[in-house]
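Engineer: Let the sequences and hints guide you as you build the complete structure.
The listed protein sequences derive, respectively, from chains A and Z. Position 102 of the first sequence, counting from 1, maps to 102 under our numbering, and the rest follow consecutively. Position 163 of the second sequence, counting from 1, maps to 291 under our numbering, and the rest follow consecutively.
No lab work stands behind these hints: they were computed from the structure. In this text, all values refer to a predicted model and were calculated from it rather than measured experimentally. Treat the hints with caution; some may be incorrect.
Lysine-lysine pairs mimicking DSS-like chemistry, simulated, CA-CA at most 25 Å apart [what the hints assert, rightly or not]:
1. 86/A with 63/A
2. 373/Z with 40/A
3. 123/A with 352/Z
4. 352/Z with 103/A
5. 113/A with 373/Z
6. 103/A with 199/Z
7. 60/A with 374/Z
8. 86/A with 337/Z
9. 86/A with 40/A
10. 123/A with 113/A
11. 113/A with 337/Z
12. 113/A with 90/A
13. 337/Z with 199/Z
14. 103/A with 113/A
15. 40/A with 60/A
16. 299/Z with 330/Z
17. 341/Z with 299/Z
18. 40/A with 199/Z
19. 352/Z with 299/Z
20. 199/Z with 373/Z
21. 103/A with 374/Z
One-letter residues, chain by chain:
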Amino acid sequence: MKIRHSAILAAAVGLLILVGPIFAHHGTAAYETTQETTVKGTVTEFQFINPHTLIFLDVKNDKGDVEHWQVDAQSPNQLTRDGWNKNSLKPGDHIAVTGFRAKNHSNILRFVKVIWPNGQEIKAAPVF
Amino acid sequence: MAVSAFSPGIFAQTSTHSASAKIQNAARTPDLSGVWAQHPPANARSFALYSFTGEIPPMTPWAEAQYKAAKPSFGPLAVADSTAPVNPTTGTDVGCAPPGVPRIYVHPYPFEIFQVPGRVIMFYEFSHFVRQIFTDGRPHTPDLAPSWMGDSIGKWEGDTLVIDTVGFNDKTWLDRGGLPHSEDLHVVERIRRVNHDTLEIKITIDDPKAYTKTWGGQLIFQLKPDWNIMEFICEDNANFLNLQKKAIEQPAK
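Structural biologist: This is how it looks when you write it as structure tokens:
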């Protein structure tokens, strides 16, 4: 697969057995769940809302243009029980997010993990 | 100790024999109370998020037609543009109808059991649906209009709470994978605390209009002593639907 943007690091990782348990509330049929995509950018908004939290990122592509990405993450209830809160991500945070991209190649990811510049990762715990 | 003021013995002095017997009986019942979250064994994890069985039960032609027409968001028939009666991804409605029983258990949210004299209350985080299981010996309410969560009565068999539920409408699925049922659905749940931290629910489905034999499955839950039931309001699903539509719509040419 051709990598369209320098900021997007796509890596085939084979079958990911945690797909179901992580994305428990709504199905994942709209997402390419056999391949992880990572985007690096700046958080513009973090909506800690039901049924899924939303992370909004500005990502610069290899032409220098800013693309707007949305990351669809677990419910606030699930994230709260894993130690997150509404301030876990703030506008201006520079992060990378790994997830599964929408099959229609829109700039939407299903969340797998956040990676901070120092390499620290925050994964959402599986439901079980 | 303050609790002793509410002990069955105190009530027995001022209540009718029948009422005090019920209360004392309730006091002797096994304790299932607590917040419970699904914790399936490894061999059930491929389906536990959408069903209580990994097999397709034998259907009547009527049920098979219903099943083939279903567009669920989970299971063998999963599609991106689900029209599931609860939590659809492309329907015009948000889809907040009660999910019915046993589907309520396979939504990934915990539930809490409360035991009070004559009743067991099941309080589900998912949309805060509540079931009242009457354990005071009453029969099913006769001639009840079909309902989303059914009419439940329960009895104790040793360490097991046996819940008998009828009176369902046919608007829900048995699971999130699209297994149908009719208004003749009869669900029996056998709930037992296998050990302090583990709750087992064995489910039996009897619905002769939909299935050619009685069948079932089971779910395992884990005690979550540090969890509270949190708010979860289905109408907030509108937030998700807006995003999901962007994720499944065809890109502009």
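Engineer: Please go over all the hints and tell whether each is borne out by the structure.
Structural biologist: Hints, one by one, checked against the model:
| no. | hint | result |
| --- | --- | --- |
| 1 | 86/A with 63/A | 33 Å, violated |
| 2 | 373/Z with 40/A | 24 Å, holds |
| 3 | 123/A with 352/Z | 21 Å, holds |
| 4 | 352/Z with 103/A | 36 Å, violated |
| 5 | 113/A with 373/Z | 23 Å, holds |
| 6 | 103/A with 199/Z | 18 Å, holds |
| 7 | 60/A with 374/Z | 21 Å, holds |
| 8 | 86/A with 337/Z | 48 Å, violated |
| 9 | 86/A with 40/A | 21 Å, holds |
| 10 | 123/A with 113/A | 4 Å, holds |
| 11 | 113/A with 337/Z | 46 Å, violated |
| 12 | 113/A with 90/A | 16 Å, holds |
| 13 | 337/Z with 199/Z | 21 Å, holds |
| 14 | 103/A with 113/A | 19 Å, holds |
| 15 | 40/A with 60/A | 8 Å, holds |
| 16 | 299/Z with 330/Z | 23 Å, holds |
| 17 | 341/Z with 299/Z | 21 Å, holds |
| 18 | 40/A with 199/Z | 35 Å, violated |
| 19 | 352/Z with 299/Z | 32 Å, violated |
| 20 | 199/Z with 373/Z | 16 Å, holds |
| 21 | 103/A with 374/Z | 11 Å, holds |
Of the numbered hints listed earlier, those contradicted by the structure are 1, 4, 8, 11, 18, 19.
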